[in-house]
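Here is how the chains run, residue by residue.
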Amino acid sequence: AQSVTQLDSHVSVSEGTPVLLRCNYSSSYSPSLFWYVQHPNKGLQLLLKYTSAATLVKGINGFEAEFKKSETSFHLTKPSAHMSDAAEYFCVANSGGYQKVTFGTGTKLQVIP
Amino acid sequence: EPEVTQTPSHQVTQMGQEVILRCVPISNHLYFYWYRQILGQKVEFLVSFYNNEISEKSEIFDDQFSVERPDGSNFTLKIRSTKLEDSAMYFCASNYSPGLAGTDTQYFGPGTRLTVL
Numbered sequence: 011a012q013s014v015t016q017l018d019s020h021v022s023v024s025e026g027t028p029v030l031l032r033c034n035y036s037s038s039y040s041p042s043l044f045w046y047v048q049h050p051n052k053g054l055q056l057l058l059k060y061t062s063a064a065t066l067v068k069g070i071n072g073f074e075a076e077f078k079k080s081e082t083s084f085h086l087t088k089p090s091a092h093m094s095d096a097a098e099y100f101c102v103a104n105s106g107g108y109q110k111v112t113f114g115t116g117t118k119l120q121v122i123p
Numbered sequence: 484e485p486e487v488t489q490t491p492s493h494q495v496t497q498m499g500q501e502v503i504l505r506c507v508p509i510s511n512h513l514y515f516y517w518y519r520q521i522l523g524q525k526v527e528f529l530v531s532f533y534n535n536e537i538s539e540k541s542e543i544f545d546d547q548f549s550v551e552r553p554d555g556s557n558f559t560l561k562i563r564s565t566k567l568e569d570s571a572m573y574f575c576a577s578n579y580s581p582g583l584a585g586t587d588t589q590y591f592g593p594g595t596r597l598t599v600l
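First to last, the protein sequences are chains G and B.
The numbers in the numbering used here rise by one with no breaks, and the one at position 98 of the first sequence is 108.
The numbers in the numbering used here rise by one with no breaks, and the one at position 111 of the second sequence is 594.
Same shape as in the complex, but just chain B:
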């Protein structure tokens, strides 16, 4: 069964450094998402991406964050200058179409645990 993959599984970085989290969505999916889960808190939406542009973003997704689909398979989240409070599990998700009942299920990757020191 197709699945969403994410690399790396764990990333440790120093405060102020740039990090890129990588995701490979399911191949025929059209919508891509990033969520994060700070330890002990709920999963929060960051951004959705369709047709090579951001379609929706949350208040969390400020200028420090950017997303890109550099080729036909990868979907990346970049944090330009990491802060301590960026430490979290970051989940990538994808689906075919959010508006259609049969294809709106979001499939999640295993997550990347980001630790900012």
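The shape of chain G in the complex, shown without the other chains:
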């Protein structure tokens, strides 16, 4: 069985300050981990993925995430928030070759001007 926990339902940052969105996973197998972003009234866009290569993964729009096996974490970061980053972010896991993926509950990011 696998599960994904996103520790914060809402995160609010000022424009230009760092972003940290937290994700922890639980899995019996080495997982593939993903971050997706959903802008209002839009679909799910892949930001980045981890698949057991480098533990620090760089994605689109300046986002990156670090896989830490000892902490079972895959937190998403960005050095400097832009107004356009305001959206909902989902941490997603797929392990053991299961076909379905498991979503976290999502974190809504608010960027204050």
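Mixed in with the good hints there might be a few duds.
DSSO-like cross-link-like pairs, simulated, lysine-lysine; straight-line CA separation at most 27 Å [to be verified]:
no., chain 1, residue 1, chain 2, residue 2
1, G, Lys118, G, Lys59
2, G, Lys118, G, Lys78
3, B, Lys540, B, Lys566
4, B, Lys566, B, Lys525
5, G, Lys79, G, Lys59
6, G, Lys68, B, Lys525
7, G, Lys59, B, Lys525
8, B, Lys566, G, Lys52
9, B, Lys540, B, Lys525
10, G, Lys68, G, Lys79
11, B, Lys540, G, Lys52
12, G, Lys78, G, Lys68
13, G, Lys52, G, Lys118
14, G, Lys118, G, Lys79
15, B, Lys525, G, Lys79
16, G, Lys52, B, Lys561
17, B, Lys525, G, Lys52
18, G, Lys68, G, Lys52
19, B, Lys540, B, Lys561
20, G, Lys78, B, Lys525
21, B, Lys525, G, Lys118
22, G, Lys118, G, Lys68
23, B, Lys540, G, Lys59
24, B, Lys561, B, Lys525
Don't read these hints as lab results, they were simulated from the structure.
Please build the complex by placing chain B on the supplied structure of chain G, with the hints as guidance.
Coordinates of chain B only, in the frame set by chain G:
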């Protein structure tokens, strides 16, 4: 870049009516999926489909639901008799192979918002 498309973007229906949601997965993908997201809740897996049959389904996917790949490009979700609680955003996704690290990424469509009155 290839993408998953879904039609319609918004569907309004009366309770008890049948609806068909349509998806066109990425052309060389082999596995297809439906997920739903009830407003304010997490995205939930409904069903996966491979080689013209259902390979996995969740408890949500009861006899009211069915999926079909009627031709070489479309993948449909049918709800036979809609209920109020079926109101949600329905996402279609596809990938080439879930078991291979390089090809397991699921690509999602923009969703169909279903409103049941």
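Hints versus structure:
1. G/Lys118 x G/Lys59: holds (19 Å)
2. G/Lys118 x G/Lys78: holds (23 Å)
3. B/Lys540 x B/Lys566: Distance ~19 Å between lysine 540 of chain B and lysine 566 of chain B Cα, so the pair holds.
4. B/Lys566 x B/Lys525: holds (19 Å)
5. G/Lys79 x G/Lys59: holds (15 Å)
6. G/Lys68 x B/Lys525: holds (25 Å)
7. G/Lys59 x B/Lys525: The hint holds at about 20 Å.
8. B/Lys566 x G/Lys52: Holds, because 24 Å separates the two Cα atoms, which is no more than 27 Å.
9. B/Lys540 x B/Lys525: It holds: about 17 Å lies between the C-alpha atoms, which stays within 27 Å.
10. G/Lys68 x G/Lys79: At roughly 17 Å apart (the allowed maximum being 27 Å), lysine 79 of chain G and lysine 68 of chain G satisfy the hint.
11. B/Lys540 x G/Lys52: With a Cα-Cα distance of about 25 Å, the restraint between lysine 540 of chain B and lysine 52 of chain G holds, given a limit of 27 Å.
12. G/Lys78 x G/Lys68: holds (15 Å)
13. G/Lys52 x G/Lys118: holds (14 Å)
14. G/Lys118 x G/Lys79: Since the Cα atoms of lysine 118 of chain G and lysine 79 of chain G sit roughly 25 Å apart, the hinted pair holds (cutoff 27 Å).
15. B/Lys525 x G/Lys79: holds (25 Å)
16. G/Lys52 x B/Lys561: Holds, at about 22 Å.
17. B/Lys525 x G/Lys52: holds (15 Å)
18. G/Lys68 x G/Lys52: Given that 27 Å is the threshold and the Cα spacing comes to 23 Å, the pair holds.
19. B/Lys540 x B/Lys561: Between lysine 540 of chain B and lysine 561 of chain B the Cα gap is close to 14 Å, so the pair holds against 27 Å.
20. G/Lys78 x B/Lys525: holds (24 Å)
21. B/Lys525 x G/Lys118: Answer holds: lysine 525 of chain B to lysine 118 of chain G is near 12 Å, not above 27 Å.
22. G/Lys118 x G/Lys68: Between lysine 118 of chain G and lysine 68 of chain G the Cα gap is close to 21 Å, so the pair holds against 27 Å.
23. B/Lys540 x G/Lys59: holds (24 Å)
24. B/Lys561 x B/Lys525: holds (21 Å)
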